[in-house]
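Enquirer: Got chain A sorted already, so can you dock chain B onto it with the hints?
Line order of the protein sequences matches chains A and B. Under the working numbering, read the first sequence as residues 1 to 143, first letter to last. Under the working numbering, read the second sequence as residues 1 to 299, first letter to last.
If you are wondering where the hints come from, they were derived from the structure by calculation, not from laboratory data. Yeah, the Cβ is synthetic: ideal placement off N, Cα and C, and Gly gets one too. Don't take every hint at face value.
Example chain B residues on the side facing chain A (calculated, C-beta under 10 Å, incomplete) [as the list claims (entries may be wrong)]:
#1 P111
#2 I114
#3 T115
#4 Q133
#5 Q134
#6 P250
For each label pair, taking beta carbons as the anchor points, the in silico distance ranges come out as [as the list claims (entries may be wrong)]:
#7 A/F89 with B/D116: 45 to 51 Å
#8 B/E165 with A/L19: 30 to 36 Å
#9 A/D90 with B/A186: 54 to 60 Å
#10 B/E297 with A/P69: 47 to 53 Å
Residue-level listing of the chains:
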Amino acid sequence: MIAYNFNWAVIWRNWDAFLSALAFGLGLAVVSLLIGTIIGLGLAYARLSPRRWLSWPAWLYVELIRNTPLLLLIFFVYFGLPELGIYIFDKIESFIITLSAYAAAYMCEVFAPGSPRCRGPMARLPRRSGSGHGSASAMSSCP
Amino acid sequence: MGEFTERAFAMLKRRGLLGLGVAAGGVGGLLGARAAQAQSIDTSTSKLQQVLQRGHLVVGTGSTNPPWHFEDETGQLVGMDIDMARLIAKSLFDDPDKVEFVLQGSDARIPSLITDQVDVICQWMTITAGRAQQVEFTVPYYREGVSLLVMADGAKYTTFDSILEAGSAARVGAMQNVFIEDWVHAALPEATVDQFDSPDTTLQALNARRVDAYLGDQSAIRWLMQTTPGRYSNLEYGWMPNSYASAVRPGDPVWLNWVNTVYREAMLGVDFDLMKASYQKWFGIDLPTPTVGFPQEFT
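The following block holds chain A by itself, in its conformation from the complex (with noise of 0.2 Å):
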């Protein structure tokens, strides 16, 4: 048996702090997401790119970033840079600039798999149905 009595009065009396906190918390995702959304958009041309300096650059990169947990991310950018002598960013930016590190190489896998170019199962999928043939350029089968 649980001997507990449950004191809500504490949760409602600091009621506006649970809603601008979050408030806060998702403002900061929807930025950070928007930001990684462009950035992965690039990355995902850069990695179907015929240009190997462009490709595989964006391919260390996806693997780098996607083999990292995200709390890794943001304790190595919020701790890690300034002991290395870097302070440009404070914590709020410093967490949206990771984020959208994190976003961006999420993204490139969201947008990359369509084009027969793409190594991997996902890739060859569209072959099989039909669209997406050799001919067609890498570019074209982006979103």
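Expert: Positioned in the frame of chain A, the structure of chain B alone reads:
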């Protein structure tokens, strides 16, 4: 007497414990049995008896906060909180090692007591009136205060007064707590407060110069000054006294009173030598021997 006896009879009949024949057996015997029953309920269901029967104590604590609870070079859990847990175990079983430590974050202290996962909390727990509505506190075993730490090299502010003068431009890092912003503002009314999830990340923010000063417990700051000489500078300005105590699940006066007795006699009685050694080891404080004669705590 008549009225009381009738009520006693009525109660027994309702509970269906005894037949009428037994009830006629005499008022004195009945009252005696009832009294004995009430007493046996109190002690046999107490946590004290449960722990004794189980054969070891279960203590909720942490592992990341020196000098309170942390792992030494050999991986052994040590610290002031651990000493208090071992004191309880010694007092129960004559064996300080009959303890099982449940390692948890500070936010699990109250939930793990409420859900009966642990017998007692020894985890640098500050007594507050709000917490005392959810758990019951023992007598305190340490009085903590907070102080400020800055980097020894290249700190923006090197004295307490300079931080105070800087107003909201000064950024103070502290471990997240519902009351921590008020605590900072008690000494630095204008300062900007950044909260972190643990003392480690707070200190890391100071290392990364994300904050200008680290608000920490004086015990932890003394420890850091000793273990990392030359890295930090203690601003030597203390405020916000707060008492550390153990906590137990509410509604068990037998267990609470027993733990209290153990703690009090370690601070002022038969186990004083243990307390003295712990204070010396973890805080560098040399406790004076309690005066013999009239108990000094009541003077």
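Enquirer: Looking back at the hints listed earlier, which ones does the structure fail to meet?
Expert: 9
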